[in-house]
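Chemist: For the record, in the sequence shown the residue sitting at position 29 is 28 according to numbering that gives the first Met the number 0, with numbers rising by one throughout.
One should not assume that every hint holds.
What the hints assert, rightly or not - As a list, the in silico SDA-like pairs of lysine to any residue whose alpha-carbon atoms are at most 20 angstroms apart:
1) 15 with 26
2) 15 with 81
3) 7 with 61
4) 15 with 63
5) 15 with 128
6) 7 with 31
7) 118 with 133
8) 118 with 95
9) 123 with 96
10) 15 with 64
11) 7 with 19
12) 123 with 19
13) 15 with 118
14) 15 with 106
15) 123 with 97
16) 15 with 62
17) 15 with 83
18) 15 with 120
19) 15 with 56
20) 7 with 38
21) 15 with 124
22) 118 with 13
23) 118 with 17
24) 7 with 23
25) 118 with 16
26) 7 with 17
27) 7 with 37
28) 15 with 82
29) 7 with 56
30) 123 with 13
31) 123 with 109
32) 7 with 18
33) 7 with 50
34) 123 with 92
35) 7 with 25
What the hints assert, rightly or not - Computed spacing ranges between beta-carbons, pair by pair:
36) 112 with 39: 30 to 38 angstroms
37) 1 with 123: 27 to 35 angstroms
38) 78 with 115: 15 to 23 angstroms
39) 49 with 78: 27 to 35 angstroms
40) 1 with 112: 17 to 25 angstroms
Keep in mind that the hints were calculated from the coordinates and are not lab data. Model, not experiment: these values are computed from the prediction. Where a beta carbon is used, it is the ideal one built from N, C-alpha and C, also for glycine.
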Amino acid sequence: MTPEALAKLHDAAFSKDRAWSADEFRALLDSPYCHLSTAQNGFALWRAIAGEAELLTIATHPDHQRQGIGTELMQQWMRTAQDSAGTAFLEVAADNAPATRLYAQFGFEVVSRRAGYYKRDDHKVEALIMRAPLPFTVSQKSSGD
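Based on the sequences and whatever the hints tell you, model everything.
Modeler: As structure tokens, this is what we get:
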């Protein structure tokens, strides 16, 4: 996927948040530590440094959500990350229940919070910092993608 395609999909998937620009995606993709996992109608961008992997963003086009794409992308990036990392981290808006359910399915647990981190039209939402051990195991809880 090109940086322009990533930015367009990110904008569609994150209508409540500031979408990332093509230039931001280009800069991240230029880093030797950043990796892109793709699926039709979705992607996950992550980085691995010093034995830790961090999911920077994951997006599924709204017209294709709840079809297993998020689960597929989680499996892709975590399988690859476990070759060089023992722990995975991510950050998610506390009001994003489908995402938090998906992450919990992969063993992520809340380890910290950032108050008022995400801006909404009329309020702010805290960020949940989540962590999971690698290699990962998938729980049989319901999927939230």
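Chemist: All hints are to be evaluated individually against the structure, with a verdict given for each.
Modeler: Hints and how they fare:
no.	hint	in the structure
1	15 with 26	23 angstroms, violated
2	15 with 81	31 angstroms, violated
3	7 with 61	12 angstroms, holds
4	15 with 63	18 angstroms, holds
5	15 with 128	19 angstroms, holds
6	7 with 31	23 angstroms, violated
7	118 with 133	31 angstroms, violated
8	118 with 95	13 angstroms, holds
9	123 with 96	16 angstroms, holds
10	15 with 64	16 angstroms, holds
11	7 with 19	9 angstroms, holds
12	123 with 19	19 angstroms, holds
13	15 with 118	8 angstroms, holds
14	15 with 106	26 angstroms, violated
15	123 with 97	19 angstroms, holds
16	15 with 62	16 angstroms, holds
17	15 with 83	33 angstroms, violated
18	15 with 120	8 angstroms, holds
19	15 with 56	14 angstroms, holds
20	7 with 38	15 angstroms, holds
21	15 with 124	11 angstroms, holds
22	118 with 13	12 angstroms, holds
23	118 with 17	9 angstroms, holds
24	7 with 23	12 angstroms, holds
25	118 with 16	7 angstroms, holds
26	7 with 17	12 angstroms, holds
27	7 with 37	14 angstroms, holds
28	15 with 82	34 angstroms, violated
29	7 with 56	14 angstroms, holds
30	123 with 13	15 angstroms, holds
31	123 with 109	19 angstroms, holds
32	7 with 18	8 angstroms, holds
33	7 with 50	31 angstroms, violated
34	123 with 92	10 angstroms, holds
35	7 with 25	13 angstroms, holds
36	112 with 39: 30 to 38 angstroms	34 angstroms, holds
37	1 with 123: 27 to 35 angstroms	33 angstroms, holds
38	78 with 115: 15 to 23 angstroms	34 angstroms, violated
39	49 with 78: 27 to 35 angstroms	20 angstroms, violated
40	1 with 112: 17 to 25 angstroms	35 angstroms, violated
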